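Student: Okay, here's what each chain looks like letter by letter:
Number of protein chains: 2
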Amino acid sequence: MPPDVPALVAALTQGETPRVWSLLVTVFGDLAQGPQARVSGVLLARLTEAMGIKPEAARVALHRLRKDGWIESLREGRRSSYRLTQAGHRETAAASPRIYGVDKPPGEGWLLIHPPAEPAPPGAVAIGPGLALGAAAQGFALPLQAPPPDWLRARVVDAELVALTRTTAVGFAALAVLPALTPLETAALRVLVVHAWRRIALRAPDLPDFLFPEGWQGPACRAAAADLLRRLPRPDLATLEAAAGP
Amino acid sequence: MPPDVPALVAALTQGETPRVWSLLVTVFGDLAQGPQARVSGVLLARLTEAMGIKPEAARVALHRLRKDGWIESLREGRRSSYRLTQAGHRETAAASPRIYGVDKPPGEGWLLIHPPAEPAPPGAVAIGPGLALGAAAQGFALPLQAPPPDWLRARVVDAELVALTRTTAVGFAALAVLPALTPLETAALRVLVVHAWRRIALRAPDLPDFLFPEGWQGPACRAAAADLLRRLPRPDLATLEAAAGP
Numbered sequence: 001m002p003p004d005v006p007a008l009v010a011a012l013t014q015g016e017t018p019r020v021w022s023l024l025v026t027v028f029g030d031l032a033q034g035p036q037a038r039v040s041g042v043l044l045a046r047l048t049e050a051m052g053i054k055p056e057a058a059r060v061a062l063h064r065l066r067k068d069g070w071i072e073s074l075r076e077g078r079r080s081s082y083r084l085t086q087a088g089h090r091e092t093a094a095a096s097p098r099i100y101g102v103d104k105p106p107g108e109g110w111l112l113i114h115p116p117a118e119p120a121p122p123g124a125v126a127i128g129p130g131l132a133l134g135a136a137a138q139g140f141a142l143p144l145q146a147p148p149p150d151w152l153r154a155r156v157v158d159a160e161l162v163a164l165t166r167t168t169a170v171g172f173a174a175l176a177v178l179p180a181l182t183p184l185e186t187a188a189l190r191v192l193v194v195h196a197w198r199r200i201a202l203r204a205p206d207l208p209d210f211l212f213p214e215g216w217q218g219p220a221c222r223a224a225a226a227d228l229l230r231r232l233p234r235p236d237l238a239t240l241e242a243a244a245g246p
Numbered sequence: 247m248p249p250d251v252p253a254l255v256a257a258l259t260q261g262e263t264p265r266v267w268s269l270l271v272t273v274f275g276d277l278a279q280g281p282q283a284r285v286s287g288v289l290l291a292r293l294t295e296a297m298g299i300k301p302e303a304a305r306v307a308l309h310r311l312r313k314d315g316w317i318e319s320l321r322e323g324r325r326s327s328y329r330l331t332q333a334g335h336r337e338t339a340a341a342s343p344r345i346y347g348v349d350k351p352p353g354e355g356w357l358l359i360h361p362p363a364e365p366a367p368p369g370a371v372a373i374g375p376g377l378a379l380g381a382a383a384q385g386f387a388l389p390l391q392a393p394p395p396d397w398l399r400a401r402v403v404d405a406e407l408v409a410l411t412r413t414t415a416v417g418f419a420a421l422a423v424l425p426a427l428t429p430l431e432t433a434a435l436r437v438l439v440v441h442a443w444r445r446i447a448l449r450a451p452d453l454p455d456f457l458f459p460e461g462w463q464g465p466a467c468r469a470a471a472a473d474l475l476r477r478l479p480r481p482d483l484a485t486l487e488a489a490a491g492p
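Chains as they are written, first to last, in our numbering: chain A, 1 to 246; chain B, 247 to 492.
Just so you know, these hints were derived from the structure itself, not from any lab. Each hint can be trusted.
Listing some non-contacts, in silico: residues in chain A with all C-beta distances to chain B over 10 Å:
1) 74
2) 122
3) 241
Computed footprint of chain A on chain B, listed as stretches where at least three residues anywhere in the stretch have a Cβ under 8 Å from a Cβ of chain A:
4) 356 to 368
5) 375 to 386
6) 392 to 399
The structure presented is a predicted model; accordingly, all values stated were derived computationally and were not measured. Backbone N, C-alpha and C fix where the C-beta goes; we use that ideal spot for every residue, glycine too.
Given the sequences, and given the hints that come with them, work out the whole structure.
Tutor: Dropping the structure here:
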């Protein structure tokens, strides 16, 4: 028997309560990307409820997102709805390629040598004075084909992010078999998958997998996220609003 | 008209008085390499005289070399002669490959990456923390084909040694045309060539030429030294002793 939706939600959130305002940014970024797209308060309440978030926590997070200029509210008769501000659209659009580029093959690896007194080139990962790793040749650069030694790869990402890829891979694996899902459930799970993957995708440098430290599960997470985004296709907002009710 | 020998000696010594004890090591190392080879005091006096060295300076240097265990003296009737000690033989033999390997093509260049807290691998040239240049792969190494940037090459050798290659190249160029030479003159010039070249060969790291800084004349010195060692063939000691007189 396939697991029920609350069990899948728990697998994706690792039993922790996600930071709600950040999760709401993912809701808007994933489900309401269009410039005119808006999400009703009712639909937001149903989605956050499905993701195991308490109504008070959702309200507090919405308030904070409005105060910080991420979203704005609109009132249509007795219904309130929300949409990303222009700034909110810019921010989510900037992050999109890294989050949704899950099928993009990892880039090349270059060892970049620069004057030790200068900072690492933009976008490169500083390894030590004068030494950085990059996805493209910049300045004096040598192509990398073989994995560098452990101590060097350990500087590419911190141990916390390595651990996050491990727990995320386990969470994604729990969704290997999906039960029949309503559009609302599909949307809730999809947002949680995007959210879990974005925590890795936005923090991991753009480097080929073999440059990451021992234990790095980034490739497994990337593959599972790509698979889940296909198997949990984005429901359109009209369908979701109809399902959420008046 | 070809230049006279004193002018050639001056070209090779740059008008400076060479460090005499070090020059005498070259005399023994070049002319008296065999385990039983010995050089009479008379021949030493004639050779150092031909190299523009004052008799007192030669005597002081001989005394110092004996005291330091480089050479030992032997007495045969009224004649005294000198030869390298076992330690002296070992030292000159160890330096020989670098001095006389003038036709050896320069090695490969590797960028060596090591833990920044550890020293550079043996034989490699430290460039910065965790970064060294070597003639062979050691640990995590990347082959170098293109010249690294100026700041990095400037760390391969100091400016003083770069300047020495320039003046040495000019000195060697002065021997492009040689006059007819006696065996003693040949030996004196040859020893000065070896001595000038060894000051570079023993201090320059074993790296391909393109890793050396702008202005480095090592290749020109190496080529000229190889040419001069062929054109100033080592006279045998018996010939030199006969020429030096009783």
